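Asks: Read off the chains here:
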Amino acid sequence: MNTPIVQMSSVSKHFGSASVLDRLDWQVLPGQVIGLLGRNGAGKSTLLECLLGLRETDVGTVRIYGEDVRHLSDATRARIGYVPQKCDLFEWMTPRQMLDYFKALYPRWNAAKVDALLARWGFDPSMQDKAIGKLSGGEQQRLSIIRALGPDPDLLILDEPVSALDPVGRRDFLRELIDSVIENGTTVVFSTHILSDLERVALEIAFLKNGRIALQGQLDELLEGARRVDASGGTAERVRVAPTSLEELFIEVTQ
Amino acid sequence: MTTHPAQLFSITTGSSEPIYRQLVEQVRRLVAAGQMAPGDGLPSVREVAQVLALNPMTVSKAYGLLEMEGLLVRQRGMGMRVAERAGTRHNTHERAELLRPILERAALEARQLELDPDTVLSLFTHILKEQA
Chain C
0 MNTPIVQMSS VSKHFGSASV LDRLDWQVLP GQVIGLLGRN GAGKSTLLEC
50 LLGLRETDVG TVRIYGEDVR HLSDATRARI GYVPQKCDLF EWMTPRQMLD
100 YFKALYPRWN AAKVDALLAR WGFDPSMQDK AIGKLSGGEQ QRLSIIRALG
150 PDPDLLILDE PVSALDPVGR RDFLRELIDS VIENGTTVVF STHILSDLER
200 VALEIAFLKN GRIALQGQLD ELLEGARRVD ASGGTAERVR VAPTSLEELF
250 IEVTQ
Chain X
0 MTTHPAQLFS ITTGSSEPIY RQLVEQVRRL VAAGQMAPGD GLPSVREVAQ
50 VLALNPMTVS KAYGLLEMEG LLVRQRGMGM RVAERAGTRH NTHERAELLR
100 PILERAALEA RQLELDPDTV LSLFTHILKE QA
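If you're matching them up, the sequences are chains C and X in order. Counting in numbering that gives the first Met the number 0, the first sequence tops out at residue 254, every number present. Counting in numbering that gives the first Met the number 0, the second sequence tops out at residue 131, every number present.
Isolated chain C, as found in the complex (with noise of 0.2 Å):
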């Protein structure tokens, strides 16, 4: 039950001499809902481009359900549904073209999910019929997170994936992450900058600093000030710091 769904091992990666990883370590359980945060430019998108196999690391193992990333199976690939920052639409095709490609991709695609938030997230038949790349920001991103979730994915991996959305367009969102998670049991890996969606959600925080996981915990325990620190023998220890908010627990961590 408890064998980690992504497992990262002494993970790094540079980009010319600016080291981003650090012999980072990590590892995601079944179930969980993790929030990922860190200062612009601690290296979050990285962290889970690598964790997906779309960067090649320079040192360290990842594997994702068992398998090595870089040879995953089409079984193991399709289980997967991930959110990019930058949205990665073909901007030449319509909304429906899309999905109807990514439809025939996948061995699973829940095609009554798919129409419904179409509905829902306000694409009518006329903007369907538009190229993406004449759609909004805010409309590409949700276009963006209905692709995601049109497999009924086991694992999710969203990169900052409200970042064009309005509250309006953030709370149905959050609002269809809390429906796939009661309905399946989704394991949601997110980064963002929004720290009250994040509250909502996130049972879960980690935070990447140094190229490192510098505190993960629980988010209930951390604002009630439980933490587990590295002993100078590099023993955890556990100590109690008065209670805070997640933004002040943000800013002390990260900075």
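No lab work stands behind these hints: they were computed from the structure. All values derive from a computational prediction rather than experimental measurement. Check before you lean on any hint, since a few could be wrong.
[What the hints assert, rightly or not] Selected chain X positions facing chain C (Cβ under 8 Å, derived; list incomplete): (1) Tyr19; (2) Ala48; (3) Leu53; (4) Met56.
[Said to hold, decoys possible] Which chain C residues stay away from chain X? Per the calculated CB distances, all over 12 Å, these: (5) Gly52; (6) Asp87; (7) Glu90; (8) Thr93; (9) Tyr105; (10) Asn109; (11) Val113; (12) Asp123; (13) Ser125; (14) Ile131; (15) Arg211; (16) Ile212.
Ideal placement from N, C-alpha and C gives every residue a C-beta, glycine not left out.
Using the hints, position chain X against chain C.
Replies: Here is chain X on its own, set in the frame of chain C:
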């Protein structure tokens, strides 16, 4: 006996009080004040999660704690209800004690703002009358 809607609850993000704890405190206050009567039904975990856009586990955690302290009882197939003897045991003093956590927070901020007690108390008195 009524079943209360999920709109009964409201939570704030950005607080140092975790969301599950906010829900726990709200139920305690509503029961203590008699707005929730013994036997009343609570909205389902799923409903609260949907309406407030919260992870259902957070709502479950709040309900579970309230069940452990005897304020709520789980009824098979019917969800959570307010325990029969829940409403009867709170006198004024006990009800006032429920305000303590939130007032301690306010006191902390008042000290940080270097406000003297009289100023804070007169403001609080004013707010109390304003709402009534």
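Asks: None of the hints should be skipped; say for each whether it holds.
Replies: Status of the hints after comparison with the structure:
1. For X/Tyr19, the shortest C-beta to C-beta distance to chain C is roughly 6 Å, which falls under 8 Å, so the interface hint holds.
2. With 8 Å as the threshold, the beta carbon of X/Ala48 comes within range of chain C, its nearest partner Cβ sitting at about 6 Å, so the hint holds.
3. About 5 Å separates the beta-carbon of X/Leu53 from the nearest beta-carbon of chain C, less than 8 Å, and the hint is met.
4. Given hint, X/Met56 at the interface with chain C, holds; its Cβ is 6 Å from that chain's nearest Cβ, closer than 8 Å.
5. Taking the minimum C-beta to C-beta distance to chain X, about 28 Å, the non-interface status of C/Gly52 holds against the 12 Å cut.
6. Once the 12 Å rule is applied to beta carbons, C/Asp87 is consistent with being away from chain X; the minimum gap is 27 Å.
7. Distance check for C/Glu90 against chain X: the nearest CB is about 31 Å away, which clears 12 Å, and the non-interface claim stands.
8. For C/Thr93, the requirement that its beta carbon stay farther than 12 Å from each beta carbon of chain X is met, with the minimum near 31 Å.
9. Non-interface call for C/Tyr105 relative to chain X: holds, since the shortest CB-CB distance, roughly 27 Å, exceeds 12 Å.
10. Even its closest Cβ contact with chain X, about 19 Å, leaves C/Asn109 beyond 12 Å, as expected for a residue assigned away from the interface.
11. With 12 Å as the threshold on Cβ separation, the claim that C/Val113 sits away from chain X holds: the shortest Cβ distance comes to roughly 20 Å.
12. No Cβ of chain X comes within 12 Å of the Cβ of C/Asp123; the nearest lies about 25 Å off, and the non-interface call holds.
13. The Cβ of C/Ser125 sits about 29 Å from the closest Cβ of chain X, beyond the 12 Å cut-off, so the non-interface label holds.
14. Distance to chain X confirms C/Ile131 as a non-interface residue, since its nearest Cβ pair spans about 28 Å, more than 12 Å.
15. Every Cβ of chain X is farther than 12 Å from the Cβ of C/Arg211; the closest lies at roughly 26 Å, confirming the non-interface assignment.
16. Non-interface status of C/Ile212 relative to chain X is upheld: no Cβ of that chain comes within 12 Å, the nearest being about 21 Å off.
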